[in-house]
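K.L.:
Chain by chain, the residues run as shown.
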Amino acid sequence: MDPENVSADYLNNIWKFFASLQLTIVVLLSLAITSIIGTLIPQNEDPGVYFQAFGPFLYRLFDVLDIFDMYHSWWFQMLILLLTANVLVCSIDRLSLTWKIIFPGNPRFTPARFRSRKNRHEFKAPVVPDRLSGTYRAFLSKRFHHTDITPTDTGVALFAEKWRWARLGVYVVHLSVILLLMGGLVGSMFGFDGFVNIPEGESVDTVRLRNSSETKKLDFAIRCDDFDLSFYNTGQPKEFRSSLTIVENGKSVLQKDIIVNDPLRYRGINIFQASYGEMAPPQSRQRIPVPETITLSLTSTESGMTYQETLVSGQTITIPEGGGTFTWTSFSRAAEFRGQPIGPAIIGKLTPRNGDPTEIVLPLQFPSFDRMRRGEFALAVIDRQPDTPLQPDPVEKRYYTGLQVTRDPGVWIVYTGFILMIAGCFVTFFMSHQQVYVELSESRSGSRVMVTGIAHRNKVSMANRVEAIARQLEDVRG
Amino acid sequence: MNSSYLLSFITFIYGFAAFLYIAAWIFRKEGPGKLATWVSLVGVIGNGAGLMLRWYESYRLGIGHAPLANLYESLVFFAFVMVIIYLVVERRYRSRTIGAFAMPIAFLTMAYASMAPHISSRIQPLIPALKSNWLIAHVMACFVGYGAFAIAFGVSFMYLMKKGRETDQPSSMVYIQPVVLFLAVALLNRILMQYPWGLSALIALGACVLVYAAMFLYQRMAPATRERLLDRLPQTKVLDELNYQLIMFGFLFLSAGIITGAVWANSAWGRYWGWDPKETWSLITWFVYATLLHARMMRGWHGRRIAYLSILGFMAVLFTYFGVNLLPGLHSYGAMGQ
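Chains as they are written, first to last, in the working numbering: chain Y, 629 to 1106; chain D, 62 to 399.
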């Protein structure tokens, strides 16, 4: 064998490898299985946390394999690259074969292709083929885009088809996958994802980039004029609202209030409400003193009775109605619940009658907070000594707003991919290239009619459709 | 009448319908089957009315939002979609036996929503991240997809039952099957009922014993009796096709669900994809069903292999839906105890 032939053979084999469906199935299942890892091990946390959790050996192993940022690891990207190559090669491979079928120029049909089909319906009609064919063609052209007629040795053959282009559906889906991956690539190459905290009344023009130590300077400044937050009376957050102004060359050019789900977009840059916080209060002013005694109200969900108990820090009380015990363990000036600041709170240990002790948090600002727990008893702090106003002076409280600032020029490629994926899936799953063939042959009393049909997909429903068409044609009679 | 009461009542209606379908199948009677269809129809109308009533109630509380915002509401909607899809299938395929496998899933879903101690049926206000027009589109698309997959799961089960044991089954399968069953049941107990691992394992062990006892008894049945159970099931060819149709339908909606979720995430958090566990698990589910569709369309996989993949896909759906709440991430508002 001469070397040229060998290399051609070699290339051919590579092509075949990338065009194979085995590769698709292996890559899809590998992606599915490996993706699980990143959902079990939280991603992108501090190395110290991982070291503590896994110990030195596993930590080193996971670190080498990039398990802590696995969706961006070389091997996961490699799988995605394999999938992309597979989708591309496969589509080109098949499309080059089916292109002629999809765009035949002038669709012709060959009766021989249909005559040998098994699912055929035959009946007799008392009219000669020539008279019947006109009626039948009118019937078919109402249901199919394209119809054709050809004389045969024994009579006449009718052909009808529709949705030839539905064969393209699957390529549209594949194209959409490529677009999604391309859009992601464009976004990661030319976009950025940063965040910034802006105290009320101040402005910034530089943001910190996520997962890196770099910063990025913007062409304009963002000023936070005001930040507002509101809560439902259950203590759940209701709305976070930042009033922002875009300042360009010293001039205010755009003003908008943003909330979660309603960002500000300016010159391709998106500004999202992401978090907030309280500015550190000025020293020694209006700090809430540590309470020495508190009065609790205990409301039984069962009986609806409310009891009161006064206790000092560290004391354990017995809950009435045999509801167990409660111990006041500590006091926090700035407690958090699910990551949200809830202000000063009493922290205690609740030991139900039969059950494990749980830590509960009783924020001083939200007396109905503990009802959310839906325990046997809802606890609330109704009084405390020494007492100071919880909301110091409203003027004194200053917030900063946490903004996410992103630019992603790839997002429109991704969105185009989304639309194509839905459209392509719909066409692929629910439409098919349908061809119907009706042959009329002369017989002694009129015509013998044979009806058959094919679809390139969903053959079962096509068989039903052909049967229905045959039945209807039998009724038409001409 | 309060929507929670109405919906817990629907649980019993679905239970009754499931009972009638099973009775019609086992005792080979037409009457209970017809009644079951009507009972299901009444149930699904009540289910829809319950959701609408809940929507109205939320406005009366001054926190108006579509009833698709927490675990309870999503479960109720899930059952609603499942029964609608089932009734369409029943009409199309003219087989009520499928109901004996589909309605119990809807019944269990509603029973779980109404009775599990950690699921609150209270109407809660929307937290800021959920206040979006995408909420309805996203949740609806996802659960229409899940509903179709749930029915496909029931149909796959019927398929395996009808087809019977593989004659050329490799001997390793004898050991693998109970282990897989045990692990699946234990995991489901852990994530659905939040039992500790020990109790979950114990229940799983019991479930395995029960399943294998049932299978043993089934094997010992006179062939004629077994035949009488099976001949009411649609033909394997029909079940296989139905499974495939449901999965195509579900896949379209799952894709739409993931896409609407991505668009929503982009407007709320400034990114359309972030590998958060729920996102990742929905993608894993998508991969499983994509594998199934490719194997079926291009390699002509049929029968058992498709049925097993369909069951695997539904397990991924369940994990996406419930299991993820055990994992850290942003989707916590669909979580238990909320």
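One thing to keep in mind: the hints can contain errors.
Heads up, simulated SDA-like pairs for lysine to any residue below, C-alpha to C-alpha not over 20 Å straight-line [unchecked claim]:
1) Lys192(D) x Lys644(Y)
2) Lys1087(Y) x Met358(D)
3) Lys1087(Y) x Ala190(D)
4) Lys192(D) x Asn861(Y)
5) Lys192(D) x Ser931(Y)
6) Lys866(Y) x Leu196(D)
7) Lys866(Y) x Tyr154(D)
8) Lys977(Y) x Ser960(Y)
9) Lys339(D) x Met698(Y)
10) Lys644(Y) x Asn633(Y)
Because the hints were derived from the structure by calculation, they are not lab data.
K.L.:
Holds or violated: lysine 192(D) and asparagine 861(Y), Cα atoms, limit 20 Å.
P.N.:
holds, 17 Å
K.L.:
Assess, step by step, whether the Cα of lysine 192(D) is no farther than 20 Å from the Cα of lysine 644(Y), and give holds or violated.
P.N.:
At roughly 49 Å apart (the allowed maximum being 20 Å), lysine 644(Y) and lysine 192(D) break the hint.
K.L.:
Within a Cα-Cα threshold of 20 Å, do lysine 339(D) and methionine 698(Y) meet the stated pairing?
P.N.:
Holds, because 16 Å separates the two Cα atoms, which is no more than 20 Å.
K.L.:
So if I understand the rule, the pair passes when the alpha-carbon distance is 20 Å or less; does lysine 866(Y) with tyrosine 154(D) pass?
P.N.:
It is violated: about 48 Å lies between the C-alpha atoms, which goes past 20 Å.
K.L.:
Need the status of pair lysine 866(Y), leucine 196(D): alpha-carbon distance at most 20 Å?
P.N.:
holds, 16 Å
K.L.:
Hinted pair, alpha-carbon criterion (20 Å max): lysine 1087(Y), alanine 190(D). Please report holds or violated.
P.N.:
violated, 45 Å
K.L.:
Sort out whether methionine 358(D) lies within 20 Å of lysine 1087(Y), counting only the CA atoms.
P.N.:
At roughly 11 Å apart (the allowed maximum being 20 Å), methionine 358(D) and lysine 1087(Y) satisfy the hint.
K.L.:
So if I understand the rule, the pair passes when the alpha-carbon distance is 20 Å or less; does lysine 192(D) with serine 931(Y) pass?
P.N.:
Given pair lysine 192(D), serine 931(Y) is violated - Cα atoms ~36 Å apart, limit 20 Å.
K.L.:
Can the restraint linking lysine 644(Y) and asparagine 633(Y) be considered satisfied, given a maximum Cα separation of 20 Å?
P.N.:
holds, 16 Å
K.L.:
CA of lysine 977(Y) to CA of serine 960(Y), is that 20 Å or under?
P.N.:
Holds. Lysine 977(Y) to serine 960(Y) sits at ~14 Å (cutoff 20 Å).
Going through the hint list in order, the structure does not satisfy hints 1, 3, 5 and 7.
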